[in-house]
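Asks: Residue numbers (our numbering), protein chains in the order written: chain A, 1 to 252; chain B, 1 to 122.
Be a bit skeptical, because a hint or two may be false.
Taking lysine to any residue pairs in the SDA-like style, the calculated list, with each CA pair at most 20 Å apart, reads [as the list claims (entries may be wrong)]:
#1 A:K35 with B:L18
#2 A:K35 with B:D115
#3 A:K35 with B:D21
#4 A:K183 with A:Q218
#5 B:K23 with B:G60
#6 B:K54 with B:D12
#7 A:K46 with B:G60
Because the hints were derived from the structure by calculation, they are not lab data.
Here are the chains, one letter per residue:
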Amino acid sequence: MMVDLFHNKVRLHQGHESGTGAQAPAASSGSRKIKVVQRVLSVNEKMADANRRLFAAKRVFVLNVMSSPGSGKTTTLETTLNRIIAKIPSAVIVGDICTTNDADRLARSGAPVVQVNTDQFGGDCHLAAHVIEKAAADIDLDAIDLLIVENVGNLVCPAEFDIGEDARVVVLSVTEGEDKPAKYPVMFRACDLALLNKIDLLPYLDFDMDLVKRYIEQVHPGMPAIELSAKTEQGFEPWLEWLEARVRQKIG
Amino acid sequence: MHEMGIALQIIDIVKASLPEDAKGAPIERINLKIGKLSAVVADSLRFCFEIAVKDTALDGAVLHIEKIPVTARCNDCRHQWTLANPVFSCPACDGGAIDVLSGRELAVDSIEIKDESNSDDG
Numbered sequence: 001m002m003v004d005l006f007h008n009k010v011r012l013h014q015g016h017e018s019g020t021g022a023q024a025p026a027a028s029s030g031s032r033k034i035k036v037v038q039r040v041l042s043v044n045e046k047m048a049d050a051n052r053r054l055f056a057a058k059r060v061f062v063l064n065v066m067s068s069p070g071s072g073k074t075t076t077l078e079t080t081l082n083r084i085i086a087k088i089p090s091a092v093i094v095g096d097i098c099t100t101n102d103a104d105r106l107a108r109s110g111a112p113v114v115q116v117n118t119d120q121f122g123g124d125c126h127l128a129a130h131v132i133e134k135a136a137a138d139i140d141l142d143a144i145d146l147l148i149v150e151n152v153g154n155l156v157c158p159a160e161f162d163i164g165e166d167a168r169v170v171v172l173s174v175t176e177g178e179d180k181p182a183k184y185p186v187m188f189r190a191c192d193l194a195l196l197n198k199i200d201l202l203p204y205l206d207f208d209m210d211l212v213k214r215y216i217e218q219v220h221p222g223m224p225a226i227e228l229s230a231k232t233e234q235g236f237e238p239w240l241e242w243l244e245a246r247v248r249q250k251i252g
Numbered sequence: 001m002h003e004m005g006i007a008l009q010i011i012d013i014v015k016a017s018l019p020e021d022a023k024g025a026p027i028e029r030i031n032l033k034i035g036k037l038s039a040v041v042a043d044s045l046r047f048c049f050e051i052a053v054k055d056t057a058l059d060g061a062v063l064h065i066e067k068i069p070v071t072a073r074c075n076d077c078r079h080q081w082t083l084a085n086p087v088f089s090c091p092a093c094d095g096g097a098i099d100v101l102s103g104r105e106l107a108v109d110s111i112e113i114k115d116e117s118n119s120d121d122g
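With these hints in hand, go ahead and build the complete structure from the sequences.
Replies: If you want it as structure tokens, here you go:
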């Protein structure tokens, strides 16, 4: 069964709503209409383009990692960094509303970690391009090949904000339920890879792996999904191979 | 969740888009286009906008939202359709290589201001 359309994210006041392509009638006869046609997030998009140019010039592959809170994103990245840091010099930008817990954990791998406090551009729900620009200024980009951005735990807003990254990964843990891809289609469409985490817990859950993969295929046909456990490191090889191949593809 | 940030961006865009001769004129309406795939909740956006414009030149401006449906085209068979569910494969040939044509919009389309130069109806 399908989940209801885009979980009604856009609910409109009846009085102000117009249908598809309907021409909005003028407010009154004594009014003048000024055509604007400007994307609301165009400021962010320009900054993301500037970031992308900087990362290209410095030959740094940038990975935007997104998920809901508690999916095991930080543990996945801890394990990932421990496994690749000797081969791929890496740094991390961590976005969190409060605490430096994640930054402290990730720093143990030896990778430089910059913690950012989410700010007023859009509240606390995502990292915007200008935040990444500022955080990247504290990292020696000449010394790294891979910059991982651990976004704020949220399956909605981070998908809307381009930060100048090369690839996007969504981490979904098997404790979250199979229908998340259908409930958050924008996130799953925005990403290049899904990591299905915490598979060590599968014996204790009623999680239907085939069903979640079907949902992912419906929302983003052809997107790969890798099953893994950040705790036991089961399934890590295909993920690390994917990551290394993407980094090499960019930096040569 | 970031509707206040979006409301503030809309206000910046509106202010920057006003021609010289219209600066200071009361703004009656701001026409927005918002795709169904945009993570924007219209009620929250209106709420934030009303707070942000209080006691400014934009106070009283109505946000008119045109809701844009999600449409896509199949790269294999060229079928074009409107999505009723978040299923992004072609209903005609089941192909997965598709382009989303609309639904991601989040834009200020136009502004309507009170035309004081030739208005005689107040």
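Asks: Look at each hint and say if it fits the structure.
Replies: Checked hints:
| no. | hint | result |
| --- | --- | --- |
| 1 | A:K35 with B:L18 | 10 Å, holds |
| 2 | A:K35 with B:D115 | 15 Å, holds |
| 3 | A:K35 with B:D21 | 15 Å, holds |
| 4 | A:K183 with A:Q218 | 12 Å, holds |
| 5 | B:K23 with B:G60 | 16 Å, holds |
| 6 | B:K54 with B:D12 | 15 Å, holds |
| 7 | A:K46 with B:G60 | 31 Å, violated |
Going down the numbered hints, you'll see the structure goes against just number 7.
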